[in-house]
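Work the whole structure out from these sequences, hints included.
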Amino acid sequence: MSDRENTINDVLKIAKNCRHYAMCKIDFLGTGVCASGLEKHYVSFYPEGRMDLYAALAEGTIPVTEKCVEIADSCNLCGTCDFQCYFVNEMRPSKVMKALKDHVCAYLESGGKIVSQEDDTVLTELKSIVGDFWATNDSAVRIAYHHDLCPHVTFKMPEYVVMPNSHEEISSIIRLLSKHKIPYVVRGNGASSHGLVFSEGVVMDLNRMKSIDFDEKNWSVKVGPGVASFTIQSEAGKRGYRVHTAEPAALVCANIMTSGLLSTFSTTYGISADNFIDAEFIARDGSFFSLNDRTAPNLFSFNNALSEREAFAICVSVSMKLHPVTDDEEGILVPFESLEKALDFARECATRHIGLAIGILGGEFVSSFLAPTKKLAAEAKDIFTKKLGMPYLVLFIGDRYALRSVRDMGQPAIDQKLFKTLSQGLPALHSAKWLDLLKELSDDEPFSYLRLGQFGDLAETALAPSSTQLTEDIDPDLRPFFEGLYSRPEMTDLVWLNTFRILSSRYCREKPCVALVCYLPIDTSLIDEIQGGLRDIAEKHHLKNEFGFITPIDSGKRCVWEYDYFFNHNDPDEISRIQLATYEAGALLDEYSEKTGTIRQVRYVVNQGYCRRENLLYL
Amino acid sequence: MHDDAGHSIVLTGATGFLGAFLMAGLLDRGYHVTVLGRSSKEMGLSDRISDLVRWFSLADPGERLCALEADLSLKHLGLDDATYGRLCTAAGKIIHCASDTSFTERNRARVMATNVNSLPSLLDLAADARTKHLYYVSTAYAAGMREGICMETPISTDSFTNVYEESKAEAEGIIGRYCENTGVPLSILRPSIVYGHSKTGRALKFNALYSPVKSLACVRDIFIKDIVEQGGKRSRQWGINMGDDGTVCLPLAIYLPIRGTVNLIPVDYFVESALCIIEHSVSSGIYHITSDNPPDMTTLADYSEQFLGLRGIRAVWDTSGKNPAPNPAEELFDRFIEQYRPYLSDRRIFDRSRMKSITPGLSTPAFTYEIFERCMDYAVACDWGNT
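Residue numbers (my numbering), protein chains in the order written: chain P, 1 to 619; chain A, 1 to 387.
Keep in mind that the hints were calculated from the coordinates and are not lab data. Don't be surprised by glycine CBs; every beta carbon is placed ideally from N, CA and C.
Derived DSS-like pairs (lysine-lysine); straight-line CA-CA distance at most 27 Å: (1) A:K225 / P:K375; (2) A:K205 / P:K387; (3) A:K225 / P:K420; (4) P:K439 / A:K205; (5) P:K387 / A:K41; (6) A:K41 / P:K540; (7) P:K433 / A:K233; (8) P:K417 / A:K233; (9) P:K156 / P:K13; (10) P:K420 / P:K375; (11) A:K41 / P:K386; (12) P:K420 / A:K233; (13) A:K225 / P:K433; (14) A:K41 / P:K341; (15) P:K387 / A:K225; (16) A:K225 / P:K386; (17) P:K386 / A:K205; (18) P:K439 / A:K322.
Between beta-carbon pairs, the in silico distance windows are: (19) P:R404 / A:G231: 36 to 42 Å; (20) A:P257 / P:T524: 38 to 44 Å; (21) A:D60 / P:E440: 33 to 39 Å.
Spelled out as structure tokens, the structure:
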């Protein structure tokens, strides 16, 4: 293979490893966001879309079109996407961006013709509604709307992509598509991993609708469907509030619709309808309604079964609750040797309403979140689970009264200061012989060394934590940036990290995963039994599988639990196995759901996420 | 399995520290040894025993060594009838050395299960085999929390430092009563703290004496790294620094409530004593395999300083037993030695009249720096048991 072919293969590998997690669409590192994406909004103008576009061009599945040239030209190779994607996936998309430009340039220089895709009647009518630029049938745009990493879906290439910017435009589009009997799906253009946003007809992308209107006297903020969790959280934070949001790149409206919004803050802030005051929709007939309308459909209901593929209506705004934030909030990590003990502690806190956010995190979560590289994550997992004997860590966020209560409960904990030391000293942990002694000390009482008044000082001396040390394995040209980044206070602040959740994007860094998420009672033996079943299924199909997290909700009566199956989305054999495994896992959860009457799977919440918590959990 | 009653021995605990050395000693003296034990997670019993034979560089014992997977918590040790029957014919003498040596209250159930609750099946074996003699490896510290002379007599206290002592005392009682009722001769061997081989330094486990030294080494290494790699700013704030000769000044006071001693014996002395007892004891008896001249913590601190290239380690006797203002190193070290503290300033004096009468030519080697260094060198070479 020639050097050129090798380079193309390397670049293609990067392109085909894009997780479609959309972190390149939000400014989560303070680097700014791809300028062309912000201006042109279509996915193809963001690094994520350019990855898909390059892969399609390199594999010859689409031609060089007018939009293709525009997309390639619009990238100024600023390198911002490298910082963002390296943070998340340890990838360098700028190589793809450069290859895309080179590909188009070489094509044109060799006399290649730019393919122009003619407008048809439908497109002309769409353009008349939204304006020429905001509706297209150009394959260079459409390609970025045709797939994600979901292993269960047959992907579809849409005929058109349209980007309305108002309720009226949405209504008009819906009526037009109904008239022509053209199927459509709606998306906000955030993260996509569940295969929910594909249509052979039209993809309606609401990313331009980014309105944010605060109503502080009523403790609410109304956000449009193009607003990402990170963005609204940042805006709320500037005003001294917190909004309950999902992953940073998830769009608020879409996230509620598809999963009902859950996080470790669900312990206090709840799930689904607990999170908002009102929401506005465009129905499938193009009419407008809000949840508070007396004649509105009852979206608070929940049917414990797979809902229709298409949403009942398009959410065009949601008025989120603004939660007060006190200046004494702090985070700790409480280690446990077993899930049983971690569950006991988490349930106790939730039942007594102690703390704001609680999450039992498994070793995979903790290590992949903390470590800036895959190599370090693997080491960290080994250290936390084996050397330190901490397979489970309960993340606990609370004010000073809550933290005092946890201390009174007698649990040794990793406090904020020690967390910073461990985070920035992570590379030194690998060779720290004194960790063996800590395990010996735990023989008497688990983790009793954490009670030593000066253990934090000693750990700091031993690990010499610094952002320089933490970034020593990072690509040399990116290292100065990351050194600066990891020295920022928020990067080791458990409250900030848990509020903005930017580290969670690393969870699929090694491989994408299918998250099996369900609500169920905090019943150790039941969870243990189901976990055994899920593990057996994954192992039968030779798939990596891990406990994700558990968060107590509903005053400690129930919890939300994520268990993950990992797979290589570029390996057809692994795709086949993950399909079988998730099918069997779904059947297992259905069986337990039927047997117990108390289990609800989040896959059934899709398109029903605006439901009332009680309807979801109890009825 | 060999059925010459005098020369055929059934041994439990052969994969442990004392049991392994005892097995090697028995094989060296020509005994036929049937080992009762269990597989580990990684290895079957036979392989574990074969590894030990190699570790001791023993000539291939051939049929003189037999390993039987047995579970002491089960009737007939979990063996089928035929195997159990053959074992009974081979059990001329039985040495019960298996033990859980955890001191922690948290492990009470496990310790009692191993050290006490498993005795019935072993005693059944002694009865079924009509064993000529039963030897029980206990501990000198089964004497319980006390000061002064502890006689080589049955235990008469219910006050113990930890669950290990308690379990051993209870086991002594159970076995003693059983043997008294059945007429089986019983020898109880009560060693004190056992460390490595005095002549080779070799050992299989690195707790007890080794733990405080290992802890000091780890604490030292934390500060050396800080001094060498980070300039030692943090170390200096606690008065920790490194001299030109590389010696580390580590102010570390070991607070102990009373002035006492640490009763230590090398494993080779334990084995020689045990073999003497096995070969010469006819009737029942209790034997203290202990040191007549135990060192105190000052000696241990001096030895540790010398071995580890440290200055500043000192024993402080204070009735509170607590350092009022520990630095981080002292605080961590204090926590490390917590479970060993009662044995670091011990006021028990072990009477050894019976022991001396049966081993007239055998005396405890003095605990010299040379022996200490030899043992610690070996421990370091094995990375304290990690390799």
